[in-house]
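Same order as they appear, the protein sequences are chains A and B. Using the numbering used here, the letters of the first sequence correspond one by one to residues 1 to 305. Using the numbering used here, the letters of the second sequence correspond one by one to residues 1 to 323.
A hint or two may mislead.
[Stated by the list, open to error] A short list of chain A residues far from chain B (calculated; beta carbon distances all over 10 Å):
1) Y3
2) I65
3) A70
4) T98
5) L101
6) Y157
7) V160
8) Q215
9) V230
10) I235
11) S270
12) P296
[As the list claims (entries may be wrong)] Some but not every residue of chain B turned toward chain A, in silico, with C-beta under 7 Å:
13) A115
14) Y124
15) F125
16) A131
17) V170
18) F244
19) A248
20) R254
To be clear, the hints were calculated from the coordinates, so they are not data collected in a lab. Don't be surprised by glycine CBs; every beta carbon is placed ideally from N, CA and C.
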Amino acid sequence: MLYFIEQFLNGIQLGMLLFLLAAGLTLIFGIMDLVNLAHGSLYMIGAYFAASFAQLTDSFVLGAILAVLATFAVGIVLEVVAIRRLYARSHLDHVLGTFGLLLFFNELVRLIWGPAGMTLSLPSEMLNAVEILPGLFYPVYRLVIIGVTLAVAGLLYGLVMGTRLGMLIRAGASNREMVGALGVNIKVLYTLIFGLGAALAGFAGLMQAPILTVQIGMGENILIAAFVVVTIGGIGSIRGAFVAALLVGLVDTVGRAFVPDLLRVYLSASASASLGRSLSSMMIYLVMALVLIVRPEGLFPAASK
Amino acid sequence: MKHLLECWRGSGLNPRRAVNAVVLAGLALMPVYAALTGDAFLMTLLTRVVILALAALSLNLIMGFGGMVSFGHAAYLGIGGYAVGILAKEGIGSGFVQWPVAIGASAVYALAVGALSLRTRGVYFIMITLAFAQMIYYVAIGLDRYGGDDGLTIYRRSQFGGFVDLDNKVLFYYLCLALLLAGIYLVWRLVNSRFGFVIRGARSNERRMRAIGFPTFRYKLVCFVIAGAMCGLAGALLANHTNFISPAMMHWTRSGDLMIMAVLGGMQAMFGPLIGAMTFLLLEEQLSRVTEYPNLVLGPLLLFVAIYVNGGIDGLLGGGRRG
Chain A
1 MLYFIEQFLN GIQLGMLLFL LAAGLTLIFG IMDLVNLAHG SLYMIGAYFA
51 ASFAQLTDSF VLGAILAVLA TFAVGIVLEV VAIRRLYARS HLDHVLGTFG
101 LLLFFNELVR LIWGPAGMTL SLPSEMLNAV EILPGLFYPV YRLVIIGVTL
151 AVAGLLYGLV MGTRLGMLIR AGASNREMVG ALGVNIKVLY TLIFGLGAAL
201 AGFAGLMQAP ILTVQIGMGE NILIAAFVVV TIGGIGSIRG AFVAALLVGL
251 VDTVGRAFVP DLLRVYLSAS ASASLGRSLS SMMIYLVMAL VLIVRPEGLF
301 PAASK
Chain B
1 MKHLLECWRG SGLNPRRAVN AVVLAGLALM PVYAALTGDA FLMTLLTRVV
51 ILALAALSLN LIMGFGGMVS FGHAAYLGIG GYAVGILAKE GIGSGFVQWP
101 VAIGASAVYA LAVGALSLRT RGVYFIMITL AFAQMIYYVA IGLDRYGGDD
151 GLTIYRRSQF GGFVDLDNKV LFYYLCLALL LAGIYLVWRL VNSRFGFVIR
201 GARSNERRMR AIGFPTFRYK LVCFVIAGAM CGLAGALLAN HTNFISPAMM
251 HWTRSGDLMI MAVLGGMQAM FGPLIGAMTF LLLEEQLSRV TEYPNLVLGP
301 LLLFVAIYVN GGIDGLLGGG RRG
């Protein structure tokens, strides 16, 4: 039971990180109608920035704040220089262009930081584990991730539901031509949304960095997971992204923890280990395929275009 | 051959036809050049170009002509490759068994994926095809007996009982080239048949096609299966070419590569996927010779094409008026 709770918390933690990535992705997808394969690169860049800034300033928190700001700036520049010119093109051109950006950023990171990965070390007070239930010790840093990402999700909710900018974002998600026709400076709005998405992706990258190593291509697999979240949730829906992110995070983590054990009831140890490994990696895609077969536009389809 | 020449029927010589002719002549004569200069690497590289062109061609059949943007096409390369590799490992070395199994398995997989995915539209279709390809990718990682994550070396190429010796590099190259040309001919015949007109009609306005009585779902599904089978054959060729299979050949970025080849060459052109595959792979190769950071150039180049060029290289050559 304790093991289950621990895995459940891990699932929530992964889900919250996926939400940070998926929120930006779904906004960019839903509002600008842009398929952005370079979103994972921003995640990677956020992690590299954080590792460098943390080294420079000798402070994890300061490094993290600087990294988020820097990734935001990269996002703004990227939108103005390149992404903006892609909106009017087809989805296929988006894939081509942002795939090019993905290659470019991987190479740029190799040029600047070298081919070897980096590590982002935590301040000592976050290294320990606390006893959250009798007999269950859980790493402080993972709790920090859950707490901080929940707070960011709350802030994002407040921003989208409670401010004028958020109103424009929501309006853009349901009918962007009309928002433009009503005299809103849609160009600036798009740039801001892309920057916001970049900052969220960079933030997700730097939060994940101390758990995994910071390396080239680290954004590629999680990008696909974020796309799964966006698709399950319904493109353009932040609420959908939140629900789907938790679902995907839990399915993935709990699947990895329990599927091999479940298979062992029926199969030999080695067979269940290898089959379990692939089956648990497949789980989120199975869930997505099932959701799309039943609901071809995701769980929370944004208002029809 | 007469039919093949009709692929560029019309009158006169335009840049598009000139480029196609030069590319074909170059591919046909390349082994002579390689033999004269002793450049074995060029031979290997161009065999790869031809095989991946076949894969990109099959993708273009559904994506360019059918409007079905599949982001999981590398899965068929993997299925075709694994069919060859698994059978070879189990002692069945005959190409007469391996290749039909590669094609058949890819077709069956395409039938299942297509039947489920074609219910969705637009970006959701892109994503669900990606999801199925990821599943196959993880299945391959779980195949411990066949190398798991590390992949599997194929010690003997497919045996054709003395008819064709695939270990002969020149012969293998010409076999791949012949299959590619046969594939281009097949796609050309398909696209210009009644079947092809239904597929293209469904791309521009599916509702109208259904309203005038065409069961578009079935047509699209058949098209999807043909493309899958064709790419499965490319996978069997690729496994024979590299003597190696691994899950990496199904990674989602490989699917992205195939899409780039098709888009780069020009999706409305029969020779587009070939030109795209050739441009992409040769550029990658050349750039990595002159710089340690080839993608620093290649990436922005792709971005530039995506932003400013309509219809890929074929569009630059003035072929964009069709379709």
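Violated hints, by number in ascending order, as checked against the structure:
Hints 4, 5, 9, 10, 11, 12, 13, 15, 17, 18, 19, 20 contradicted; others consistent.
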